[in-house]
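Enquirer: Each chain, written out:
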Amino acid sequence: RKEVEQDPGPFNVPEGATVAFNCTYSNSASQSFFWYRQDCRKEPKLLMSVYSSGNEDGRFTAQLNRASQYISLLIRDSKLSDSATYLCVVLSGNTGKLIFGQGTTLQVKP
Amino acid sequence: DAGITQSPRHKVTETGTPVTLRCHQTENHRYMYWYRQDPGHGLRLIHYSYGVKDTDKGEVSDGYSVSRSKTEDFLLTLESATSSQTSVYFCAISDLSGGSSSYNEQFFGPGTRLTVL
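From first to last, the protein sequence lines are chains A and B. When we follow my numbering, the leftmost residue of the first sequence carries the number 1, and every step to the right adds one. When we follow my numbering, the leftmost residue of the second sequence carries the number 111, and every step to the right adds one.
Some hints here could point you the wrong way.
Listed next, the in silico PhoX-like pairs over lysine-lysine satisfying Cα-Cα at most 25 Å (straight line) [to be verified]:
{"hint": "1", "chain 1": "A", "residue 1": "K79", "chain 2": "A", "residue 2": "K42"}
{"hint": "2", "chain 1": "B", "residue 1": "K163", "chain 2": "A", "residue 2": "K42"}
{"hint": "3", "chain 1": "A", "residue 1": "K45", "chain 2": "B", "residue 2": "K167"}
{"hint": "4", "chain 1": "B", "residue 1": "K180", "chain 2": "B", "residue 2": "K163"}
{"hint": "5", "chain 1": "A", "residue 1": "K97", "chain 2": "B", "residue 2": "K121"}
{"hint": "6", "chain 1": "A", "residue 1": "K97", "chain 2": "A", "residue 2": "K45"}
{"hint": "7", "chain 1": "A", "residue 1": "K45", "chain 2": "A", "residue 2": "K109"}
{"hint": "8", "chain 1": "A", "residue 1": "K109", "chain 2": "A", "residue 2": "K79"}
{"hint": "9", "chain 1": "B", "residue 1": "K121", "chain 2": "A", "residue 2": "K45"}
{"hint": "10", "chain 1": "A", "residue 1": "K42", "chain 2": "A", "residue 2": "K109"}
{"hint": "11", "chain 1": "A", "residue 1": "K97", "chain 2": "B", "residue 2": "K167"}
{"hint": "12", "chain 1": "B", "residue 1": "K167", "chain 2": "A", "residue 2": "K2"}
{"hint": "13", "chain 1": "B", "residue 1": "K167", "chain 2": "A", "residue 2": "K79"}
{"hint": "14", "chain 1": "A", "residue 1": "K2", "chain 2": "A", "residue 2": "K97"}
{"hint": "15", "chain 1": "B", "residue 1": "K167", "chain 2": "B", "residue 2": "K180"}
{"hint": "16", "chain 1": "B", "residue 1": "K167", "chain 2": "B", "residue 2": "K121"}
Here are some of the chain A residues that sit facing chain B, going by a computed Cβ distance under 7 Å [what the hints assert, rightly or not]:
{"hint": "17", "residue": "C40"}
{"hint": "18", "residue": "L46"}
{"hint": "19", "residue": "A67"}
{"hint": "20", "residue": "Q102"}
Read the hints as simulated data drawn from the structure, not as lab findings. For glycine and all other residues, C-beta sits at the position ideal for the given N, C-alpha and C.
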């Protein structure tokens with residue numbers, strides 16, 4: 001079983017839709033959690049960190065459920081420019097290194 | 111954008127040949143990483159460095175070696191390339207590592223597409 005698992009999608013949604021991605025992690029000792037965004041054939045970039053209390057950045061909301069060991073990302077009012085792959089990333093409690101999910105692809109259509 | 115460059119950006123080589131990829135940073139960050147990205151696997155850590163001449167293995171280090179003789183440069187070497195090493199290679203840097211209260215963002219370079227025939 002992979003340490004971080006995501007549904008690869010693709011998720012195809014119309015502009016203005018709300019879309020949610022989930023990610024599960026297997027190591028309960030995981031310390032920190034993040035969402036990265038990767039555009040096609042580009043490098044990953046940090047989208048937002050995920051805090052236990054949940055956090056919001058504009059149209060993006062991230063939540064963490066430690067008991068169930070999953071992380072979510074909610075995107076409201078989707079824009080064409082949101083089309084990308086979203087990587088769920090966990091800081092391993094064992095190694096202190098980042099563990100990346102394989103990513104969920106979002107395609108927002110006009 | 112963080113000052114990270116990778117060279118070459120694209121390379122095609124033949125099985126059995128040595129290949130060296132270079133990562134160069136202008137941020138003076140202590141930590142540097144090499145990842146590979148393959149379909150269905152996401153990014154996997156190959157090797158990392160926590161200072162000049164200080165390196166350690168990651169998840170998929172077999173067949174790779176690294177060197178860091180200067181803060182700004184981190185080299186990844188495939189001693190004898192194999193077709194299974196065809197991949198996109200990303201370098202990343204960070205200022206701090208480990209610990210939820212001290213972790214800082216990792217910044218990635220633009221990537222190197224390597225094809226081993």
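Enquirer: Any of the earlier hints contradicted here, and which numbers?
Expert: Of the numbered hints given earlier, those the structure breaks are 2, 5, 13, 17, 19, listed in rising order.
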